[in-house]
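Construct the entire structure; sequences and hints are all you get.
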Amino acid sequence: MAFKIIASQCTQCGACEFECPSGAIELKGENYVIDPKKCTECEGAFDTQQCASVCPVPKTCVPA
Amino acid sequence: MTASMISLDSSASAKTSDNRLTNAKSGSCKSSSCGSTAKPDDMDPVTWEKIKDHPCYSEEAHHYFARMHVAVAPACNIQCNYCNRKYDCANESRPGVVSEKLTPEQALRKVISVANEVPQLSVVGIAGPGDACYDWNRTKATFEKVAAEIPDIKLCISTNGLALPDHVDELASMNVDHVTITINMVDPQIGARIYPWVFYNHRRYTGIEGAEILHKRQMLGLEMLAARGILVKVNSVMIPGVNDEHLIEVNRWVKERGAFLHNVMPLISDPAHGTYYGLTGQRAPRAIELKVLQGRLQNGAKLMRHCRQCRADAVGLLGEDRGKEFTLDHIPDAASYDERNRAAYREVVARERGNHAAAKSEAIEMVKAAGPDGSLHVAVATKGGGRINEHFGHAKEFQIYEASPTGIAFVGHRKVEQYCRGGWGDDATLDSVIVALEGIDIVLCAKIGDCPKKRLADAGIRAMDCYTYEYIETAISVVYAAEFGVDPLTGTA
Ligand code: SF4
Ligand code: SF4
Ligand code: SF4
Ligand code: SF4
Chain E
400 MAFKIIASQC TQCGACEFEC PSGAIELKGE NYVIDPKKCT ECEGAFDTQQ
450 CASVCPVPKT CVPA
Chain B
17 MTASMISLDS SASAKTSDNR LTNAKSGSCK SSSCGSTAKP DDMDPVTWEK
67 IKDHPCYSEE AHHYFARMHV AVAPACNIQC NYCNRKYDCA NESRPGVVSE
117 KLTPEQALRK VISVANEVPQ LSVVGIAGPG DACYDWNRTK ATFEKVAAEI
167 PDIKLCISTN GLALPDHVDE LASMNVDHVT ITINMVDPQI GARIYPWVFY
217 NHRRYTGIEG AEILHKRQML GLEMLAARGI LVKVNSVMIP GVNDEHLIEV
267 NRWVKERGAF LHNVMPLISD PAHGTYYGLT GQRAPRAIEL KVLQGRLQNG
317 AKLMRHCRQC RADAVGLLGE DRGKEFTLDH IPDAASYDER NRAAYREVVA
367 RERGNHAAAK SEAIEMVKAA GPDGSLHVAV ATKGGGRINE HFGHAKEFQI
417 YEASPTGIAF VGHRKVEQYC RGGWGDDATL DSVIVALEGI DIVLCAKIGD
467 CPKKRLADAG IRAMDCYTYE YIETAISVVY AAEFGVDPLT GTA
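Taken in sequence, the protein lines are chains E and B.
Using our numbering, you'd call the opening residue of the first sequence number 400 and step up by one each time.
Using our numbering, you'd call the opening residue of the second sequence number 17 and step up by one each time.
A couple of the hints might just be wrong.
Unchecked claim - Non-contacting residues of chain B with respect to chain E, defined by C-beta distances greater than 10 Å in every case (computed):
{"no.": "1", "residue": "203"}
{"no.": "2", "residue": "205"}
{"no.": "3", "residue": "305"}
{"no.": "4", "residue": "340"}
{"no.": "5", "residue": "477"}
To be verified - Label pairs and their computed distance ranges (CB to CB):
{"no.": "6", "chain 1": "B", "residue 1": "349", "chain 2": "E", "residue 2": "457", "range": "35 to 41 Å"}
{"no.": "7", "chain 1": "B", "residue 1": "290", "chain 2": "E", "residue 2": "446", "range": "28 to 34 Å"}
{"no.": "8", "chain 1": "E", "residue 1": "436", "chain 2": "B", "residue 2": "431", "range": "51 to 57 Å"}
{"no.": "9", "chain 1": "E", "residue 1": "426", "chain 2": "B", "residue 2": "350", "range": "23 to 29 Å"}
{"no.": "10", "chain 1": "E", "residue 1": "426", "chain 2": "B", "residue 2": "265", "range": "38 to 44 Å"}
{"no.": "11", "chain 1": "B", "residue 1": "243", "chain 2": "E", "residue 2": "457", "range": "37 to 43 Å"}
{"no.": "12", "chain 1": "B", "residue 1": "296", "chain 2": "E", "residue 2": "425", "range": "46 to 52 Å"}
{"no.": "13", "chain 1": "B", "residue 1": "354", "chain 2": "E", "residue 2": "446", "range": "51 to 57 Å"}
{"no.": "14", "chain 1": "B", "residue 1": "349", "chain 2": "E", "residue 2": "425", "range": "21 to 27 Å"}
{"no.": "15", "chain 1": "E", "residue 1": "436", "chain 2": "B", "residue 2": "296", "range": "38 to 44 Å"}
{"no.": "16", "chain 1": "B", "residue 1": "60", "chain 2": "E", "residue 2": "435", "range": "56 to 62 Å"}
{"no.": "17", "chain 1": "E", "residue 1": "446", "chain 2": "B", "residue 2": "133", "range": "47 to 53 Å"}
{"no.": "18", "chain 1": "E", "residue 1": "458", "chain 2": "B", "residue 2": "153", "range": "24 to 30 Å"}
What the hints contain is simulated information worked out from the structure, not anything from laboratory work.
Quick reminder that beta carbons are idealized off the backbone N, C-alpha and C, glycines included.
Here's what the structure looks like:
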């Protein structure tokens with residue numbers, strides 16, 4: 400399982416990138432994207448998905 | 017009335033630094049005041065040294081020095097109800113809004129270009145969108161690069177305070193000697209109506225719980241900064257019906273914890289901005305409400321009255337924004353810093369502000385001597401330098417002064433739409449300027465046409481352009497003396 404970013408909603412603030420414990424989020428060209436192979440849904444690291452908890456725009460970091 | 021006639025304006029725009037020095041030297045210089053500084057009597061020298069060239073911390077410096085903001089830290093760890101981080105528009109002018117987010121390398125390039133072109137530049141700040149302390153790696157990289165290239169530039173950050181305690185030591189070691197914390201509440205009940213959530217220790221906290229964490233971290237950060245002698249300006253957003261009365265308590269708290277300045281700013285809320293407050297119809301305070309509140313806070317931390325709520329990529333003197341001239345596509349790919357322009361300008365200013373200070377205290381004495389019951393509200397058109405040097409029709413704002421038996425005080429500024437564009441003025445715009453000047457007795461400007469002058473007179477506002485290039489306070493004192501029937505000369509002994 401993995402999370403994904405809805406690109407049209409994203410403000411490119413980058414907060415999710417540095418909160419992600421798995422290094423799964425990267426800026427690719429204009430958009431931040433989550434690498435589904437790296438995303439662990441924060442399992443074992445934190446109670447909540449960090450990207451979704453820090454993101455300022457509701458429903459932008461969501462289950463893929 | 018012997019103020020020297022050199023114009024800082026011409027020195028700032030002179031093409032070469034040699035030119036600029038000649039300009040300055042040709043001005044007359046009062047030997048009695050030359051080289052003196054304008055340090056207020058009640059300020060210790062160490063503090064004065066820190067603020068004397070900072071346009072936001074010193075009311076006097078805002079006439080001479082310019083700031084620029086670089087938007088390098090877009091990530092934020094809280095949500096404020098007056099902020100919509102999704103929204104960005106090139107026509108928009110409000111804090112936190114920026115058209116261009118920069119990498120630290122791009123920010124350095126921009127700072128160098130501005131320093132070469134705008135000799136008044138003294139401060140580089142990071143002021144949103146986002147939080148400079150949360151997005152720390154980018155803030156730090158930017159400050160290190162700028163300090164390495166231009167060591168005398170002052171570095172300044174704005175923060176919501178949540179991550180601030182984690183970086184106070186690094187700020188101190190990087191010689192950041194000014195920090196602005198936005199503190200809108202000391203009561204988490206009220207905080208919960210301003211902040212829907214905060215992200216702290218890997219969790220999102222909402223409601224009173226979130227506001228409580230933010231409050232504790234803000235107070236801790238403030239105390240830590242004060243303990244290290246870093247000057248703290250507290251910004252508060254006045255939100256009618258939410259925290260307006262409460263700001264009196266905020267003022268007391270932050271003063272007790274060592275805040276140097278308290279700056280109360282009006283909420284900006286417009287449905288078009290898409291903020292929570294904008295969408296729920298939360299209103300902004302009226303100018304008069306803000307003024308009354310500021311009056312009630314007068315006895316707490318020193319109040320700031322010259323904040324322009326700048327855009328996050330503003331460049332220039334307070335009250336002007338040249339940000340559009342310095343977007344990435346307007347600046348060279350590889351710029352190298354040339355210190356001559358700034359060095360020459362600083363020399364001019366050092367001399368000029370001594371003269372200005374002397375003229376100012378002379379003027380204030382004259383007003384005080386003029387008698388017990390006068391009161392005059394004066395709007396001044398100025399391009400900086402403490403002088404009346406802007407045409408009425410070109411002004412985008414007026415600086416407002418009050419002259420009364422207690423002296424002459426700067427009380428704020430009023431933004432207006434520029435009336436004259438390319439030689440012709442438009443009636444509707446003039447109407448809006450007249451509305452903005454409500455309550456003003458006299459307008460002082462470098463020049464004004466007969467037609468707008470008459471329209472102003474019909475509205476009960478007298479415009480005068482006979483004091484061009486005079487120091488603001490000097491001109492006000494002469495007008496005041498004439499108004500209240502005293503011979504100006506009696507006050508100048
Ligand atoms: S859910 Fe966790 S691991 Fe997956 S992208 Fe978001 S922060 Fe990274
Ligand atoms: S935190 Fe949200 S808005 Fe910010 S970059 Fe990540 S997905 Fe985009
Ligand atoms: S701290 Fe600044 S960037 Fe963050 S939500 Fe508040 S106003 Fe917006
Ligand atoms: S927002 Fe206010 S404090 Fe900040 S640079 Fe502008 S005038 Fe100064």
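Structure-based check of all given hints:
1. 203: Holds, since 25 Å exceeds 10 Å.
2. 205: holds (24 Å)
3. 305: About 30 Å separates residue 305 of chain B from the closest Cβ of chain E, which puts it past 10 Å; holds.
4. 340: holds (21 Å)
5. 477: Given a closest Cβ separation of 44 Å, the condition holds.
6. B:349 / E:457: 35 to 41 Å: 39 Å Cβ-Cβ, so the 35 to 41 Å window holds.
7. B:290 / E:446: 28 to 34 Å: holds (31 Å)
8. E:436 / B:431: 51 to 57 Å: holds (53 Å)
9. E:426 / B:350: 23 to 29 Å: holds (24 Å)
10. E:426 / B:265: 38 to 44 Å: holds (43 Å)
11. B:243 / E:457: 37 to 43 Å: At 39 Å between Cβs, range holds.
12. B:296 / E:425: 46 to 52 Å: The hinted range 46 to 52 Å is violated for residue 296 of chain B and residue 425 of chain E, with Cβ atoms some 36 Å apart.
13. B:354 / E:446: 51 to 57 Å: 54 Å Cβ-Cβ, so the 51 to 57 Å window holds.
14. B:349 / E:425: 21 to 27 Å: holds (26 Å)
15. E:436 / B:296: 38 to 44 Å: For residue 436 of chain E and residue 296 of chain B the Cβ distance comes to about 42 Å; the hint holds.
16. B:60 / E:435: 56 to 62 Å: Hint holds: Cβ distance 59 Å, inside 56 to 62 Å.
17. E:446 / B:133: 47 to 53 Å: Distance hint for residue 446 of chain E, residue 133 of chain B holds at roughly 51 Å.
18. E:458 / B:153: 24 to 30 Å: For residue 458 of chain E and residue 153 of chain B the Cβ distance comes to about 28 Å; the hint holds.
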